[in-house]
Amino acid sequence: MQTKEEMLRKLSDCVFDMEDEEVVDVVKEYIECGYDPQEGMLQGLVDGMKRASELYEEGEYFVPELIVCSDAMYAGIEEFQKYLPETENNSIGKVAIGVVEGDTHDIGKNLVRIMMETGGFDVHDLGRDVALDTFVDYMRDNDVDILCMSSLMTTTMPGMGIVIEKLKEAGLRDKVKIMVGGAPVSPAFAEKIGADGYTRSAIEAVEFAKKLVGAA
Amino acid sequence: MMGKREAVKAILEGKGADRIPIIMNAFSLPVMRYGYTMPEALMSPEKMTKCMVGTRRELGYDGLCAGVYGGIAMMMGGHLPNSEGAISGNGEDVIHSMDDIKKLRPYNVDECMAMKTLLKTIELMREEEPDEPIYVILHVPAAVAFTLMGAKPAFKAMIKNQELFKALCDHVEDAVVESCKVLVDAGVDFLWFPMPNFGGFCISRKSYEKCISESNIRANKRIKDYGAKIVIHTCGLYDDRFDLVLKESGDAWHISDTQTKKVKDEYGDKVSLMGNIPCCSVLMEGTEEEVYQFAYQECMDGARDGRFILSGDCDVSPLTPDENVIAAVRAAKDAEKVLFG
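So the sequences go chain by chain: X and W. Per the numbering used here, numbering through the first sequence is continuous, rising by one, with the last residue being 216. Per the numbering used here, numbering through the second sequence is continuous, rising by one, with the last residue being 557.
These are computed hints drawn from the structure, not numbers from a lab. Be a bit skeptical, because a hint or two may be false.
[What the hints assert, rightly or not] Taking lysine-lysine and the DSBU-like style, the derived pairs with C-alpha atoms no more than 30 Å apart in a straight line are: (1) K28/X to K376/W; (2) K376/W to K82/X; (3) K318/W to K94/X.
With the sequences and hints as input, model every part of the structure.
What follows is the structure, given as structure tokens:
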């Protein structure tokens with residue numbers, strides 16, 4: 001039987017090496033060894049995703065590689081969840097994320113979601129082409145620490161400013177921190193529309209979000 | 217001084233011109249400026265012509281974009297359900313296996329409504345402004361394949377199922393070439409191929425080599441052999457793969473996210489350049505003076521041999537102040553005087 005450390009490394013490698021089909025068998029093998037599923041998820045799968053993120057930051061991995069790594073991670077998590085008891089929520093903060101109305105480009109948003117989840121946040125994905133009022137309604141109806149909005153197009157980026165104005169009008173602006181992103185978005189634009197921050201990449205977004213919730 | 221179309225032709229043929237055309241690649245700006253929605257403008261040759269011609273005249277730049285052609289994915293895959301099970305009609309996110317490719321409809325450019333609309337737009341624009349260069353935005357086979365697969369499955373296929381991605385590129389190649397031929401016959405001055413998903417912000421050089429290069433080389437050659445002029449928009453980081461793009465027969469590169477001087481020094485003797493004022497940080501957010509200085513320097517870096525078109529680095533934002541666009545035009549005119557007398 002392999003040691004726990006060896007199995008954790010194997011899980012991590014499955015994600016890191018983009019073995020999205022093999023990972024489920026490795027999870028089963030890990031469970032059969034009697035090791036802790038929670039540990040397997042965090043120190044195995046999530047660790048692999050963190051290693052993949054590091055290579056992304058270094059320019060060795062790109063979007064396709066990250067997508068396959070994250071598919072492997074989520075496939076493994078799905079398998080682990082069968083063996084997990086109902087547990088208390090260990091998240092470091094709640095995030096709602098979405099691409100604003102008129103824009104269907106969601107690869108960047110999805111990467112931020114993956115990185116946020118890997119970083120320990122509980123993320124609710126509102127999707128793409130999200131009606132501006134939907135962001136406001138969600139903030140009204142849920143306790144959220146950070147709202148992340150993105151746009152890839154200059155034609156739709158003003159939508160993020162409109163959401164912020166609507167949140168102000170609804171008296172909800174102070175309830176939530178707001179981060180914005182997307183190819184045409186800049187720090188100056190973020191400041192202009194009254195967001196709390198802008199980051200250039202998904203990796204930076206997680207670090208910035210941690211600072212916003214005091215978990216950095 | 218050469219006429220505008222003559223100058224653009226000379227630049228794209230690598231001969232050099234005695235002026236610096238200022239083709240601002242403003243597409244969404246004119247549409248929004250005239251209060252239209254994008255679908256509204258794309259479906260109406262009259263509206264498209266009105267906003268493109270009107271904005272060009274008001275701001276003083278050159279060239280007219282006749283539209284974005286998305287008819288291939290729409291016609292071939294519009295009847296298929298996407299990964300969410302919905303039939304959106306646009307052909308996006310509908311091909312996920314070799315079997316799915318067999319479900320694509322044949323493409324007939326003569327029956328494509330989007331092409332008919334585009335041809336009418338070109339006709340109206342030509343009547344309205346016979347001396348202005350007209351161009352159309354359309355997609356290389358790999359970009360059509362990317363649309364048909366949807367972003368996530370397409371990216372994933374570049375790692376896990378390259379044969380599928382390449383097979384789809386091959387399958388749509390004739391449709392792309394046929395579309396280009398029709399546009400050349402209609403008298404467009406150049407075809408503008410954006411490749412935002414294939415640069416270094418998205419994929420590795422290795423993936424580009426394996427999944428994109430071969431198709432681009434083959435399709436572009438066929439298109440050029442018919443007499444088309446091609447501008448390849450290297451949208452994103454291409455510094456590590458310009459040598460690969462060089463093999464793709466572009467008459468010019470519309471560059472972004474790089475330095476014009478650097479690309480000019482390395483590839484200027486082989487290909488003409490277009491660009492490269494950052495549309496957001498400079499054109500949209502900069503002051504008039506900052507735009508002028510940046511645009512002037514671009515011209516000095518790129519146009520010494522007369523093979524340069526001044527432009528933004530991508531689509532000019534509708535939020536761009538008029539005075540900034542006008543400052544860019546003024547900068548090109550001033551640089552022109554210095555460079556060509």
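Results for each hint:
1. K28/X to K376/W: Between K28/X and K376/W the Cα gap is close to 23 Å, so the pair holds against 30 Å.
2. K376/W to K82/X: Judged against 30 Å, a Cα distance of about 27 Å means the pair holds.
3. K318/W to K94/X: It is violated: about 44 Å lies between the C-alpha atoms, which goes past 30 Å.
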